[in-house]
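What follows is the residue order along each chain.
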Amino acid sequence: MNEPNAEPQRDVFYTTCPYNCWPVNCGMALKVKDGKVISVEGNPHHDIGRGRLCVKGQSASQIIYSDKRLIYPKERVKGRKKDTWKRVSWEHALNKISTRMTANIRHGKREANALFHSHGNIVQRVNWTILTPRFANIFGMTLWDGNFNCWYDVGVGQTLSGYWGMMNPVEMGEHSSCLVNWAQDPAASMANMVQDIMALKERGGKVITIDPRVTQTAALSDIHIRPRPGTDAALANAVANMIVRANLYDKNFVQNSTYGFEWYSDFLKDYTLEYAAAVTGVPEEQIQELAMIMAKEKPLCLNLSRGALGKHSNGYIMVHAILCAFALTGNIGTIGGGTIWGESIEFNEELQAKDRRPSRDYAPNNLNSIMKALESGQVDMLLILGANPLSQWPEHDRVLKAFKKVGLIAAWDLFENKTIREVADFALPATCWAEELGLRATQKKVYLMEKAVEPRGECVECSEFLKHLAARLGHREDFFPWETKEEFLNEALKCNHCAGMTVNRLGRRPGGLESVPMARKAYSDGVFRSPSGKFEFYSTVAEPLRLPPLPRHTEPFESPGREPEKAQKYPFLLISSRRSTHFHSFHDSHKGIGMLHELEPEPLLHINPSDALAKGISDGDYVVMYNNRGQARLKVELTHEVPPGMLSLNDCWPELNEVTPCFAPLQPEVTKAFGCGGEPSYQDARVQVRKA
Amino acid sequence: MAQRFFVFDPSKCFGCHGCTAACKLGRGLGSAVTWRKVAKLPPHAGLKDLMFISNACCHCANPECLRRCPAKAYVKRSEDGIVMLIESRCMGCRYCTFVCPFGAPQFDPDKGVVTKCDFCVDRIDEGKKPLCIETCFGGALDMLVLEDDEEIPEGYSRTIEGFPESPDMLPSVLFKIS
Numbered sequence: 001m002n003e004p005n006a007e008p009q010r011d012v013f014y015t016t017c018p019y020n021c022w023p024v025n026c027g028m029a030l031k032v033k034d035g036k037v038i039s040v041e042g043n044p045h046h047d048i049g050r051g052r053l054c055v056k057g058q059s060a061s062q063i064i065y066s067d068k069r070l071i072y073p074k075e076r077v078k079g080r081k082k083d084t085w086k087r088v089s090w091e092h093a094l095n096k097i098s099t100r101m102t103a104n105i106r107h108g109k110r111e112a113n114a115l116f117h118s119h120g121n122i123v124q125r126v127n128w129t130i131l132t133p134r135f136a137n138i139f140g141m142t143l144w145d146g147n148f149n150c151w152y153d154v155g156v157g158q159t160l161s162g163y164w165g166m167m168n169p170v171e172m173g174e175h176s177s178c179l180v181n182w183a184q185d186p187a188a189s190m191a192n193m194v195q196d197i198m199a200l201k202e203r204g205g206k207v208i209t210i211d212p213r214v215t216q217t218a219a220l221s222d223i224h225i226r227p228r229p230g231t232d233a234a235l236a237n238a239v240a241n242m243i244v245r246a247n248l249y250d251k252n253f254v255q256n257s258t259y260g261f262e263w264y265s266d267f268l269k270d271y272t273l274e275y276a277a278a279v280t281g282v283p284e285e286q287i288q289e290l291a292m293i294m295a296k297e298k299p300l301c302l303n304l305s306r307g308a309l310g311k312h313s314n315g316y317i318m319v320h321a322i323l324c325a326f327a328l329t330g331n332i333g334t335i336g337g338g339t340i341w342g343e344s345i346e347f348n349e350e351l352q353a354k355d356r357r358p359s360r361d362y363a364p365n366n367l368n369s370i371m372k373a374l375e376s377g378q379v380d381m382l383l384i385l386g387a388n389p390l391s392q393w394p395e396h397d398r399v400l401k402a403f404k405k406v407g408l409i410a411a412w413d414l415f416e417n418k419t420i421r422e423v424a425d426f427a428l429p430a431t432c433w434a435e436e437l438g439l440r441a442t443q444k445k446v447y448l449m450e451k452a453v454e455p456r457g458e459c460v461e462c463s464e465f466l467k468h469l470a471a472r473l474g475h476r477e478d479f480f481p482w483e484t485k486e487e488f489l490n491e492a493l494k495c496n497h498c499a500g501m502t503v504n505r506l507g508r509r510p511g512g513l514e515s516v517p518m519a520r521k522a523y524s525d526g527v528f529r530s531p532s533g534k535f536e537f538y539s540t541v542a543e544p545l546r547l548p549p550l551p552r553h554t555e556p557f558e559s560p561g562r563e564p565e566k567a568q569k570y571p572f573l574l575i576s577s578r579r580s581t582h583f584h585s586f587h588d589s590h591k592g593i594g595m596l597h598e599l600e601p602e603p604l605l606h607i608n609p610s611d612a613l614a615k616g617i618s619d620g621d622y623v624v625m626y627n628n629r630g631q632a633r634l635k636v637e638l639t640h641e642v643p644p645g646m647l648s649l650n651d652c653w654p655e656l657n658e659v660t661p662c663f664a665p666l667q668p669e670v671t672k673a674f675g676c677g678g679e680p681s682y683q684d685a686r687v688q689v690r691k692a
Numbered sequence: 001m002a003q004r005f006f007v008f009d010p011s012k013c014f015g016c017h018g019c020t021a022a023c024k025l026g027r028g029l030g031s032a033v034t035w036r037k038v039a040k041l042p043p044h045a046g047l048k049d050l051m052f053i054s055n056a057c058c059h060c061a062n063p064e065c066l067r068r069c070p071a072k073a074y075v076k077r078s079e080d081g082i083v084m085l086i087e088s089r090c091m092g093c094r095y096c097t098f099v100c101p102f103g104a105p106q107f108d109p110d111k112g113v114v115t116k117c118d119f120c121v122d123r124i125d126e127g128k129k130p131l132c133i134e135t136c137f138g139g140a141l142d143m144l145v146l147e148d149d150e151e152i153p154e155g156y157s158r159t160i161e162g163f164p165e166s167p168d169m170l171p172s173v174l175f176k177i178s
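Order-wise, the sequence lines are chains A and B.
Mapping of the first sequence onto my numbering: position 97 corresponds to residue 97, and the numbering continues sequentially without gaps.
Mapping of the second sequence onto my numbering: position 111 corresponds to residue 111, and the numbering continues sequentially without gaps.
If you're looking for bench data, these hints aren't it; they were derived computationally from the structure.
Do not take every clue at face value.
In silico lysine-lysine, BS3-like type, Cα no more than 30 angstroms apart, as pairs [said to hold, decoys possible]:
id : chain 1 : residue 1 : chain 2 : residue 2
1  : B       : K176      : B       : K128
2  : A       : K36       : B       : K176
3  : A       : K635      : A       : K566
4  : A       : K206      : B       : K72
Residues from chain B that face chain A, not an exhaustive set, calculated with beta carbons under 10 angstroms [as the list claims (entries may be wrong)]:
id : residue
5  : C16
6  : V38
7  : S78
8  : D80
9  : C93
Non-contacting residues of chain A with respect to chain B, defined by C-beta distances greater than 10 angstroms in every case (computed) [unchecked claim]:
id : residue
10 : K33
11 : S61
12 : G108
13 : V214
14 : E285
15 : R472
16 : S530
17 : E641
Using N, Cα and C, we set each Cβ at its ideal position, and we do this for glycine too.
Chain A on its own, in the form it takes in the complex (with noise of 0.2 angstroms):
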């Protein structure tokens, strides 16, 4: 008999697609029964998905009944040949870390205890934007984020500038003439942009993307443009001075939103377009087609939405070029003109507990500053939250050594990855999303992510883990004062973008709640995120930094320019690239998604049939893959999607970060003055192949 109260079975709860595709995730509608999900589909009243989802999403079911899902805690058994696992209790495990955690404490280094957490695969946004900075600033710990090897390079690139973007991609399909995907390819990494494409298109609008590769975007785009890799800050600098040089810049914009255009206008008197043209490979017609088309189409939407620039070792530099050649065409702040980045709402910073961070000389979050932290054996004990850095990280060799010096490693994740299989002591199983209760948002709206059903085995959500570790370290309500999850969440919801929003009041609005203020013409006020307030030409901040005001081009380092012996060597420029088959390495490389498994079983290395032909290499061959830094045995596909000279592969795949290199141009000073920069140079590899 049912309570007189009790709430009737429902049996579909909405929530949010659980890969953290940037800026904007799809709603999901979760159907239940007997305790279990039946089906996920998309939820139609989603501002973004509308009710569509992609490969990725629409296997997420498989997410929750993987069988090869962790579900108990385990624990490694030294082995004299092999380490073998053995399942062990929570509370051992608990007891163990935070025996260590204290005897760090206790011996005055607090520092020694760290926390590293990614973005995506830790489910929640406030997981890893309250919590894990809550815990961490509590405990004194040092804090790492996935945000460094994903956007950082690119966020420095704004900072110079002062323009943040915060466009919404569904303005662009509904108002843009004209979208320009710079080094972006939303096909692959967030296919719910492709409905506003297709909505430009079908009014008659041009899509541009800029790519070295024939990417899925590039294959719905109008115009295909291919720059060599580390080149963009001279094209984009070509096409400022054409506009600059054939007065068709937005005269009322730059008079009265910028800074230091009289430097820039003469810094740009350099690029030519037969400079550009040798620098970049890109035809001089192209280059002034595409300065026309920026400087005459209005409204020009640019998209920037990811990080793929700030993973090349010129990112901040072509960041800030390309951003400085958009603001001459004064697009910014108009319906349907600016640029596609970012989240523009924030849950409740002020429960990081910024205050409680005892002073200490913590690594900053910036790759160079990690590795010194992690080979000096500084770092005694790490929680690794949703994160698989001995796969995501470049250069693995170097990483795996400098993992091996910490005293003990705990990895909370959903399956079994390579960060656990080769370096973690404790493997401990994570709920995924359906499983608890939370927030998302859009940039526009705020929705609840439902709780659907009841978490596996003895899966536990972040919160109850830290929240677990806190109260054995003596401090259980500082950290999670907290009744509930519930109330937790409502306190989140105490920002400016959420007045008045509630957990119960977002429940049963599957269309979510309108966040104050709206996202709509985003710095149409003319007020920028610089010193002067201003869009910044010359930046201001730089100097202090000694990094370059304007955006000077240079040659990439692994470049035949300068360093012609390497580049003999290692003939071919490696790529790192995105299918919309994989999230990074989510999901231990998709392998514990059947579906996805199917659709990419393997990584496949992309290289053009000209090159393959010159080292008699057939499709489907394998080959070894190799640079001074490691090497990797991969099948190869033949393909003229990639350049002559370059090659590309998945960057799901651990095999890329064989030979990537373990390097940041930007040091912690920077990271430490802009809050971002500090991203590894993935892009910027040479490699040889040979015939396995």
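For chain A, the structure is supplied; the task is to place chain B on it using the hints.
Okay, now just chain B, sitting in the frame of chain A:
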């Protein structure tokens, strides 16, 4: 007799495999079976170096599977020409899998019989579109019904470079040409 066609616009497909997943997961197919597949077309030039084709059963006007099936497990329904496989009649000889140039009928080892795309006939009868069409982000997939004496509408072609040849079978797929 009328015939229902799949319509595919290669200029709108970006190879996301969403249709493959919608079909396989939505129809609860066995792990060894994939009714709708997305493949790369041979390179053309420039942007056309990357073109995709999404294909499933073509519900041919003269289906070879139906003609050759020793168990008479195949039927072609009269109102719209959808080719259906009655699994209870299939004896698992797999003869159809050898004669179909599109790889549409596939043997499911878990069931011991062949299975095949049925155009989501139950959804069609409810007035809905098949799952693959419904899910497509690019709007590359659609369907239409042509009466027997009806010409193929302008702007459509019965084949595309890279689509398997099948002279007499008359596959019911139309390609949008741009």
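Hints versus structure:
1. For the given pair, K176/B sits about 22 angstroms from K128/B by alpha-carbon distance, which is consistent with the 30 angstroms threshold.
2. The straight-line distance between the Cα atoms of K36/A and K176/B is roughly 41 angstroms, outside the 30 angstroms bound, and the hint therefore fails.
3. Taken as a hint, the K635/A and K566/A pair is honoured in the structure, with Cα atoms around 25 angstroms apart against an allowance of 30 angstroms.
4. Restraint check for K206/A and K72/B: the C-alpha separation of about 52 angstroms exceeds 30 angstroms, so the hint is violated.
5. Below 10 angstroms, beta-carbon pairs count as interface contacts, and C16/B has one with chain A at about 4 angstroms; its hint therefore holds.
6. Taken as an interface hint, V38/B checks out: its beta carbon lies about 8 angstroms from the nearest beta carbon of chain A, inside 10 angstroms.
7. Look at S78/B: its Cβ only gets to about 32 angstroms from chain A, farther than 10 angstroms, so that hint breaks.
8. Using the Cβ-Cβ criterion of 10 angstroms, the hint placing D80/B at the interface with chain A is not satisfied: the shortest such distance is roughly 26 angstroms.
9. Look at C93/B: its Cβ only gets to about 26 angstroms from chain A, farther than 10 angstroms, so that hint breaks.
10. In this structure K33/A is separated from chain B by more than 10 angstroms, as the shortest Cβ-Cβ distance comes to about 14 angstroms.
11. Not every Cβ of chain B is farther than 10 angstroms from the Cβ of S61/A; the closest lies at roughly 7 angstroms, contradicting the non-interface assignment.
12. Against chain B, the non-interface label of G108/A holds: every CB pair exceeds 10 angstroms, the least being about 53 angstroms.
13. With a least CB separation of 4 angstroms from chain B, V214/A falls inside the 10 angstroms interface cut-off, contrary to its annotation.
14. Every C-beta of chain B lies more than 10 angstroms from that of E285/A, the closest at about 14 angstroms, which supports listing it as non-interface.
15. At the 10 angstroms boundary, the C-beta of R472/A stays outside the reach of chain B, the nearest C-beta of that chain being 42 angstroms off.
16. For S530/A, the shortest C-beta to C-beta distance to chain B comes to about 37 angstroms, beyond the 10 angstroms cut-off, and the non-interface label holds.
17. Here E641/A does not stay apart from chain B, with its beta-carbon only about 6 angstroms from theirs, under the 10 angstroms limit.
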